[in-house]
Amino acid sequence: MGRNGTDLSGADRDTAGRPERGNRGVTSRTVYRRAVAAYSVAMLAVLHAPLVVLIAYSFNDSRINAAWSGFTWKWYVSLLGNERVLEALGNSLTIAAASTLIAALLGVPAAVWLHRRKRQALWSGLFYLPQLMPDIFMGLALLILFSRLDIPLGKWTVIAAHVTFCVPVVVLFVLARLSGIGRELEEAASDLGATPRQTFFRVTLPLLVPAIVSAMLLSFTMSLDDFVITFFVAGPESTTLPLYIYGLVKRGVSPEVNALSALMVAVTVLLLVGAELVRRRGETAARAAQPTRKET
Amino acid sequence: MGKTSFVAKPLTATVLVMVLALVLTACGGGAKQTLNVFSWTDNFDEEVLESFEEQFDAKINYNTYSSNEELLAKLQAGDSQYDIIQPSDYMVGTMIELGLLEKLNKDNIPNAANIVPTFSAPPFDPTGEYSIVYTWGVTGIAYNKKYVTDVIDSWEDLWNPAYKGKVVLLDDSREVIGMALIKNGFSNSTQNPDELRKAVDDLKALVPNVLAFDTDNIKQKFIAEEVWIGTLWSGDAAFVQAENPDVEFVVPKEGATIWADTVAIPKGAKNKELAEKFINYLFEPEVSAKNFESIGYGDPNEKARPFHSEEYLANKTIFTSDEDLARTEWLVDVGDMLQEYDRYWTELTSGH
Amino acid sequence: MLRRGGFFAFFPLAWMILFFGVPTFLVVLLSFRERGTLGEILPGYTLEHYRRLADPLYMGILLDSLIVAVVVTLLCLALGYPLAYHISRQSRRSQRVWLFLVILPFLINFLIRSYAWVILLRAQGVVNTALMKLGLISQPLPLLYNDGAVLLGMVYGLLPFMVLPVYISLERLDRRKLEAAYDLGATPLRAFWHVTLPLTMPGVLTGATLVFVSSSGMFVVPEVMGGAQSALIGNVIQNQFLSARNWPFGSAMSVILTLASLAMIALMYRAFRTAGGKEPM
Chain V
-12 MGRNGTDLSG ADRDTAGRPE RGNRGVTSRT VYRRAVAAYS VAMLAVLHAP LVVLIAYSFN
48 DSRINAAWSG FTWKWYVSLL GNERVLEALG NSLTIAAAST LIAALLGVPA AVWLHRRKRQ
108 ALWSGLFYLP QLMPDIFMGL ALLILFSRLD IPLGKWTVIA AHVTFCVPVV VLFVLARLSG
168 IGRELEEAAS DLGATPRQTF FRVTLPLLVP AIVSAMLLSF TMSLDDFVIT FFVAGPESTT
228 LPLYIYGLVK RGVSPEVNAL SALMVAVTVL LLVGAELVRR RGETAARAAQ PTRKET
Chain Y
8 MGKTSFVAKP LTATVLVMVL ALVLTACGGG AKQTLNVFSW TDNFDEEVLE SFEEQFDAKI
68 NYNTYSSNEE LLAKLQAGDS QYDIIQPSDY MVGTMIELGL LEKLNKDNIP NAANIVPTFS
128 APPFDPTGEY SIVYTWGVTG IAYNKKYVTD VIDSWEDLWN PAYKGKVVLL DDSREVIGMA
188 LIKNGFSNST QNPDELRKAV DDLKALVPNV LAFDTDNIKQ KFIAEEVWIG TLWSGDAAFV
248 QAENPDVEFV VPKEGATIWA DTVAIPKGAK NKELAEKFIN YLFEPEVSAK NFESIGYGDP
308 NEKARPFHSE EYLANKTIFT SDEDLARTEW LVDVGDMLQE YDRYWTELTS GH
Chain B
7 MLRRGGFFAF FPLAWMILFF GVPTFLVVLL SFRERGTLGE ILPGYTLEHY RRLADPLYMG
67 ILLDSLIVAV VVTLLCLALG YPLAYHISRQ SRRSQRVWLF LVILPFLINF LIRSYAWVIL
127 LRAQGVVNTA LMKLGLISQP LPLLYNDGAV LLGMVYGLLP FMVLPVYISL ERLDRRKLEA
187 AYDLGATPLR AFWHVTLPLT MPGVLTGATL VFVSSSGMFV VPEVMGGAQS ALIGNVIQNQ
247 FLSARNWPFG SAMSVILTLA SLAMIALMYR AFRTAGGKEP M
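Protein chains in written order, with this note's numbering: chain V, -12 to 283; chain Y, 8 to 359; chain B, 7 to 287.
No wet-lab data here; the hints were simulated from the structure.
If you're wondering where the values come from, they're calculated on a predicted model, not measured in any experiment.
C-beta atoms are modelled at their ideal positions from N, C-alpha and C, and glycine is treated no differently.
It is possible that part of the hints are untrue.
Facing chain Y, according to a computed beta carbon distance under 7 Å, are these residues of chain B, among others [stated by the list, open to error]:
1) Leu69
2) Ala129
3) Val132
4) Pro146
5) Leu147
6) Tyr151
7) Ala234
8) Gln235
9) Ala237
10) Phe247
11) Ser249
Required output: the full structure, derived from the provided sequences and hints.
Written out as structure tokens, the structure reads:
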């Protein structure tokens, strides 16, 4: 198969030049493929439209996002001097990273275990509950719990709350993936003499990686974005970015926030481009070391 | 093993970053006293806070909420870790009844005497033992005179069909229903079900003309001219006028709701003395002047007058005239009727 | 195997019970308590809050909200599946880039992005100004402050919840089965309907459930982008805990919402269990 999956080659046509029976849909398949590709690009543009607007307005010389008044860097400058925003940002990132990691460490074993149980649907249902409960309900409930147990509010109470709604995402994603894998691979591994641990780490886990990574990505954004629950369980020194932003709203969201968003986007892009470059250098080295191995 | 290292590298990096961050944050905070302030955003001038930190060798943690009820919910559900809170008028009354406020030691707050007599013994805290008025405002009608050419002097003007789709109302059940009550000649905190029903029926005729209920972005809506007329707080109106001079503000003839933000100390606060010093500091005449000019709301501190700019003192929107003030009414707790208010609000905002 | 697996499952389960089960239980209990005049909780127990809910006003809003949630889910599915499909057909490296690009906007705070939509869609916003400059319309289109805007906002916010699970299922799809279908003469549409879709059912169901569940309680979008009468059950519940100071009533509403949603999800799983599920590969 070609790089993007097209299989239009001369061998697909019969002697009269018509597509063979198995390839009758080939032309329309390409049409569909192109349509889906065009659609995806358009969709991506729509997803990014607000981002473009935000970044544009971060240069707007007016405190209110009402009309364009002129180009300025001043919001970026004042952002760097705004301790509260930077503190909130630092807290948010730390909390999100910690929550995502802990959620993954808890969620993957849970999903693997659940996968083997009989009434999987019932247990899955249980894991949807945290997402289903209204945030304000969860936030207050957790606050009541913490205060009954005399746990002082701080970063760790926020992390605990975030882990609680991230674990289900990990569990559900991994379960969905496991449902599609089937037992043959694990059985094959056992047949070849692998212990259960080896099977898990060498066979199952690598297959689960896309699900785990996607779940972690989603959890990270959920944690970064959470407002209501965090509002109730955060302590005085653990203000997060959403708390800061939602608080700003009454007085008008300053373009500093736009500048911050623009910077976050820029930094993330740079980080990932950097990681990708490092990766590729690693791959080239690995490939050079084993020239006969096929790269999938 | 391409796939696992794809996960392992970012994972290890994340763990390291996280551990580092947690270690660093744990290492902060030396022997300084901390003051935990829980308030509205941008309610203090940054420099005022910084100079307090210097003068009293303290660190201020400034957390925010955007509604009185969020403040109440957080205090009710768990231990308060805050030293300074800023509830509004009716909320102070409720908090006093629920026993959520500390009595203020006025010996530590001599500057409390600087407050204008009108506000030194407000109806929601008659003894003045629990709170001090921080700022106040009036909810009136704002309108864009470019599009609204009629004379606006009555709440009835909001109902004018010429403004269909260009009306905005505050997203606040007590404010909006209170406004309709005042329009019909009743108290804005009535507990009489018939009066309430009459006001709500009146509102039901207005809602189809309303573009949206909004408190958070209402200033932008006026500045960007998405709306022409609506209910607005006086301080917000002053802000809008600075950005869009076509907007006028008026206190209608039937009357209006007056409100105040206070400063208070929640029960069980760990740094009560420092909190009292903070309140006292806020009402130093020079500090007051700087603070209130920066945040753009009315200054209740008499002694601060000589330090204010001409512009600020002359601003009629910020400093409501006495004759307008005479027509205003405070919102008070409505007890069990709150359920009825809420039910009507649900009807109004859901279209059912 | 079970025993060892069970050991590892202990921690997550204990965590969920402590941080989710116990608080939920406390709040469910709360729904049976009496509310005092000032909003405080009185010692007695009562069913009054549930009785108050059995009222056309609240039931009507609940139904509306569930319908909106279903519509949002279907839209997310229709809009998200093709995108996930496209991504899964890319090379490994391209897939990473695409996923990153899809997730990137969601790193930015949802409220801020909603405000950006306001800038785009309002009467003097970017879209209307552009359309008017191009001469396509003479009056600005009412793109905001109505139910349509609420749908847009919700779909926009929840798309990754659909795209990611569907992508995970698609990525695992065995191309040979598709090839077999084509060899047997299937058109692309038939191949999709009979092969691809059933095999990606686990991902579709996960995505659909996540989207449904998240949209039924949403309150930010109706507040920022909705009109004067767009309040949904999420907003009403929010009010109970805040301005109405009636936590028991709010809890009762949350419980009913949860039960109704669970019922709908169970129905969905039952309906699609035959269509997809655990086919051995």
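Evaluation of the provided hints:
Contact between Leu69(B) and chain Y, as hinted, is not supported at the beta carbon level, the nearest pair being about 10 Å apart and thus beyond 7 Å. Taken as an interface hint, Ala129(B) checks out: its beta carbon lies about 6 Å from the nearest beta carbon of chain Y, inside 7 Å. With a cut of 7 Å, the hint placing Val132(B) at the interface with chain Y is violated, because the nearest CB-to-CB distance is about 12 Å. The criterion of a C-beta within 7 Å of any C-beta in chain Y is not met by Pro146(B), whose closest approach is roughly 10 Å, and the hint is violated.
With 7 Å as the threshold, the beta carbon of Leu147(B) stays out of range of chain Y, its nearest partner Cβ sitting at about 13 Å, so the hint is violated. The criterion of a C-beta within 7 Å of any C-beta in chain Y is met by Tyr151(B), whose closest approach is roughly 5 Å, and the hint holds. For Ala234(B), the interface hint holds, the least distance from its beta-carbon to any beta-carbon of chain Y being 4 Å, beneath 7 Å. Of the supplied interface hints, the one on Gln235(B) holds, with its beta-carbon coming within about 3 Å of a beta-carbon of chain Y, less than 7 Å.
The interface hint given for Ala237(B) holds, since its Cβ lies 4 Å from the closest Cβ of chain Y, which is under the 7 Å cut-off. Taking 7 Å as the C-beta cut-off, the interface hint given for Phe247(B) holds, the closest approach to chain Y being about 6 Å. At a threshold of 7 Å, the smallest CB-CB gap from Ser249(B) to chain Y is about 5 Å, leaving the interface hint in force.
Going through the hint list in order, the structure does not satisfy hints 1, 3, 4, 5.
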